[in-house]
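A.B. asks: The hints should help you fit chain B onto chain A, whose structure is shown.
2 protein chains.
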Amino acid sequence: MDKNLNIDALFIGDKAENGETFKELMNQLIDEHIGWRRNYIPSDKNIISEEEKTSEDYKQTTNHMKEVLAEVSNRLRTESVPWHSAGRYWGHMNSETLMPSILAYTYAMLWNGNNVAYESSPATSQMEEEVGMDFAKLMGYKNGWGHICADGSIANLEGLWYARNIKSLPLAMREVCPELVEGKTEWELLNLSTKEIMDLFEKAGEEDKVDELKSRSARGGENLDKLGKWFVPQTKHYSWLKAADIIGIGLDQVIPVPVNEDYRMDVAALEKQIRELSDKEIPVLGVVAVVGSTEEGAVDNVHEVIALRDKLAEEGIAMYVHVDAAYGGYGRALFLDEDNEFIPYEELPEKYYEAGVFTENKQYIKEDVYKAYEAIKDADSVTIDPHKMGYIPYSAGGIAIKDIRMRDVISYFATYVFEKGADIPALLGAYILEGSKAGATAASVWAAHRTLPLNYKGYGKLIGASIESSHRYYDFLKDLSFDIDGHTIEVHPLVSPDFNMVDYVVKEKGNDSLADMNKLNHDLYDHASYVTGNLYSKEYIVSHTDFAIPDYGNSPLTFVKGLGFSEEEWNKEGKVTVIRSSVMTPYMNKADNFEYFAPKIKKALQEYLEEIILSEK
Amino acid sequence: MDKNLNIDALFIGDKAENGETFKELMNQLIDEHIGWRRNYIPSDKNIISEEEKTSEDYKQTTNHMKEVLAEVSNRLRTESVPWHSAGRYWGHMNSETLMPSILAYTYAMLWNGNNVAYESSPATSQMEEEVGMDFAKLMGYKNGWGHICADGSIANLEGLWYARNIKSLPLAMREVCPELVEGKTEWELLNLSTKEIMDLFEKAGEEDKVDELKSRSARGGENLDKLGKWFVPQTKHYSWLKAADIIGIGLDQVIPVPVNEDYRMDVAALEKQIRELSDKEIPVLGVVAVVGSTEEGAVDNVHEVIALRDKLAEEGIAMYVHVDAAYGGYGRALFLDEDNEFIPYEELPEKYYEAGVFTENKQYIKEDVYKAYEAIKDADSVTIDPHKMGYIPYSAGGIAIKDIRMRDVISYFATYVFEKGADIPALLGAYILEGSKAGATAASVWAAHRTLPLNYKGYGKLIGASIESSHRYYDFLKDLSFDIDGHTIEVHPLVSPDFNMVDYVVKEKGNDSLADMNKLNHDLYDHASYVTGNLYSKEYIVSHTDFAIPDYGNSPLTFVKGLGFSEEEWNKEGKVTVIRSSVMTPYMNKADNFEYFAPKIKKALQEYLEEIILSEK
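Line by line, the protein sequences are chains A and B.
To convert, note that position 300 of the first sequence is 300 in full-length UniProt numbering; the numbers rise steadily by one, no gaps.
To convert, note that position 120 of the second sequence is 120 in full-length UniProt numbering; the numbers rise steadily by one, no gaps.
The following block holds chain A by itself, in its conformation from the complex:
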């Protein structure tokens, strides 16, 4: 498609403006499926007769099914969150999802393919292979591979599984094919780069030693305690703790890296931690950099992590780098042109303005963030969730690996399980952590990637809309204040967004108690969420989170002090409760749309605050 993509055409819409298009396409697809069923060996008789269809038990069963569906309908309509709303939902990472993905999912579900095995899903297995290559290409992996996962936690676990088994291979080589690693000390064996290990693994393959080698790797249960430490940002998402638990290295091997006041990993601190361990000959299993943190949307300086890795490599210290871009991964499309080339930073504003990525000719993209995205191409593996910034329905996670050869380190069958020529595994389940998986998910992601190309004119426009919306929201919040019965309540956003997430607090002017502020924000969340009252009538909906010392150290101190609290107060309370808005709405980028909703948000906030403050009297 050469033409300008109009993303409004791709959603059902806040007021179901495209509802008729959606229904029309849905009916067409269902008809195509029904026609396919009827025309498979058309001479076969109808197995369900018209007579049976008029029988009493048939009618009763149908009625019963309708009653069950009516209850499903009631429950969903009563207890669901209206995040399709263009301008009233500013909460958790949820939003409308892409119409072509919902349609493709439903259509493919009618065949119910299982992508674990090609036999069960020829069409959708092919689509998943293409989607996997899309992921790899998006990340800048020239010789990579990828696939769809159940979710980001599973992708992260798979990344750690890769790291663990790869790191253990050189020790296995010492046993199985010592000639490959002759003369290397154990420390040196534990400090080979992923590329060096994969080159040696390939050589071992030429000698038919792969299976034996794998059986002596961490897969066999060997040497788990020798592989070293796994570094994750201090704000560690619990999926990383679970992963270290499950994978058997254990939480004792997880080292939290401090985050700065911008909520990004402190790479200088990381270097210091690694050097201290290296001095004691304790190796680094790997480092996780996060692109789009769950609570702040912060983008770690991946480029600094990569630079550190390269610097340490020269000193004989190696580490695996996994990028957890579950949330922010699709954002890389913003920086790719139609030839899949990374666009120079200084060209971004003009290109974006011309293509309508942003409605304003502004540089919304921080240079650090740009560099971080660029550097993902040098990481070993990356988590990317279509069901987050891909605007695809749950559940659709994903992972990409830099070097397709890595796949054989975790696989359970020899490469002959690949179909000749097709380059698609006959049994994908043998190459990934999971087993059965919905073919419909592959169709859903495939349809999205084909409708919105993974470049700045495709997905870039959708993600750009979300980013620009978050900036409008940030600018709106930072000057906001309320007069509630004589109390002045001010709004203070946390930091200017790296991506599309805006956190903020409401604070009563002149009240120096952090505990009071935390309570006020928690009360606000209760009012502006499912917790109290009727969800369907909420006029403004948010999420919330706590930044507490065990997870954040003193990173929030700059913000807390800026609000006028003392360090003593911070240490006493130990946390700050913030309102959290993942701004995924693709509609609030336009000035007039935002201006339409801004006073409505303000009014809703005013009412919530009145309810809270006046009820306490």
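Among the hints, erroneous ones may be present.
Derived DSS-like pairs (lysine-lysine); straight-line CA-CA distance at most 25 Å [said to hold, decoys possible]:
| hint | chain 1 | residue 1 | chain 2 | residue 2 |
| --- | --- | --- | --- | --- |
| 1 | A | K23 | B | K45 |
| 2 | A | K351 | B | K572 |
| 3 | B | K226 | A | K603 |
| 4 | B | K226 | A | K23 |
| 5 | B | K226 | A | K53 |
| 6 | B | K226 | A | K229 |
One side of the interface only, derived from the structure: several residues of chain A facing chain B at Cβ under 10 Å [said to hold, decoys possible]:
| hint | residue |
| --- | --- |
| 7 | L5 |
| 8 | H33 |
| 9 | W36 |
| 10 | D44 |
| 11 | S95 |
| 12 | Y105 |
| 13 | H303 |
| 14 | Y345 |
| 15 | P349 |
| 16 | H522 |
Covered stretches of chain B (chain A as the covering partner; in silico rule of three or more C-beta atoms under 8 Å from a C-beta of chain A) [to be verified]:
| hint | segment |
| --- | --- |
| 17 | 447-456 |
| 18 | 501-514 |
Honestly, the hints are just simulated from the structure, not real lab data.
Heads up, the beta-carbon is just placed ideally off N, CA and C, and yes, glycines get one too.
C.D. replies: Quick look at chain B alone, frame taken from chain A:
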């Protein structure tokens, strides 16, 4: 529902006999969703204007989306497997799925809830909680719990995670709260039952030691090498190898248990293996019994495993028991009456005949199989996949645990993350292996469980239809032979089905080469599958598998000898290739339906065999 369930009313149908009902309900549900969108703060303006909708880029984007969907449609219709067919698909474990589940999935997908967190999915989180309790109740767990997983591999991995972390707790207690395990030797600590460990864990909770205890358990990376061996049937599904690899105990700790000539675990051999290890003070981490093996549908004698566990417990040898009922789990509904009581064996035929579970008054259920299902209630955990015998679209796996307290062993947050009263976790992701998960899956499974109750009159009828179909197919095959240009080709089914799977071989009479027979069966598979020719015009479709010595030992020898091959021939060839039919069709239970398709299958087989044999001339 008191009335007779008619399962034909619950599928779209071979020839889309219920296609109109499906469309009508789909449109109604979409309308209900659209109405809900429009009526959320109805005063808000339409964000997408009619003017925008007539713009050039809007129309082009819509057209482009339609073209993408047309390609999705073409691809699916070209390369999909017609397993909706009533009588022509006898292959992999695929079939039509339940209409209410497809509808509920699609409907719930329009809200795109994420069941990882209650905040993101109030309605569907509630449904998942109810479905989890359904699983527990189905398995006979009075104080159990359960939840939906991505698939059976993940559920199996979670089961092993439970076993590993629970087994490691007593060693942690020795460090953290030694008074609880005073006087116990290490061997005794490694031989406490799951119940004993959970009772001690509860006591530790009263002393606020839970977090410390967990941190010193296998979660911390401690003592993995002390926990002992993990026993799986020799036919070990590769998901169990992956699980042992991922969980860090390693493949070296996996002990294959021989299977008998009926492809069930040899429990006497298991006992011998365990005793040999116990004599060397090597503990048993756990044992996996399979209910519905992937290749044969075999049902292990779970009751014998449980009896062995109880006998060994008296001798101070303890083990965790996990039942992998990914495939056969829903079969337990066959044995439950409307009060959730297990029906006495001798009452089954009459009850089944009366309720229409079987169309013939026959005892299709082997007594061993009955006892095995009964005994699942005494296992510690069980995998059950709705997307297999639950006739629910992918992906929907599941797990149930016998003792709800086990949940806290693997959880990442204190129990206060549960909502007061509601008994539903605010963050389900903290209690399970995965993170984000589709709320739509919960709606889909919930709708199925409510439409077909989990007893013999609900799901029992559906599974009964599949079992009876498999018996008709088995009886049909066992007398079948073909004359192909002077060659007599005979059909030999493997064993009478434990559940609903029928494996068989075709063999040229008088040809004593096992290699030739294997080739003939492989060629037959190629013709009767996607491998050669046009899938959509195949008149009979099957799957296949190999029983090879590394995985099966000599279990197939009785069968192979019965075909007239020598033991020498078996050892030389080392495997037997069989045609595999997972009989999930719910239509072939009726005699006249089967008789309609039998000659068509025979004709298709005749044609495939002619193509194979004549082309070789």
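A.B. asks: Any hints this thing doesn't respect? Which numbers, in order?
C.D. replies: Hints 2, 3, 4, 5, 13, 14, 15, 16, 18 not satisfied by this model.
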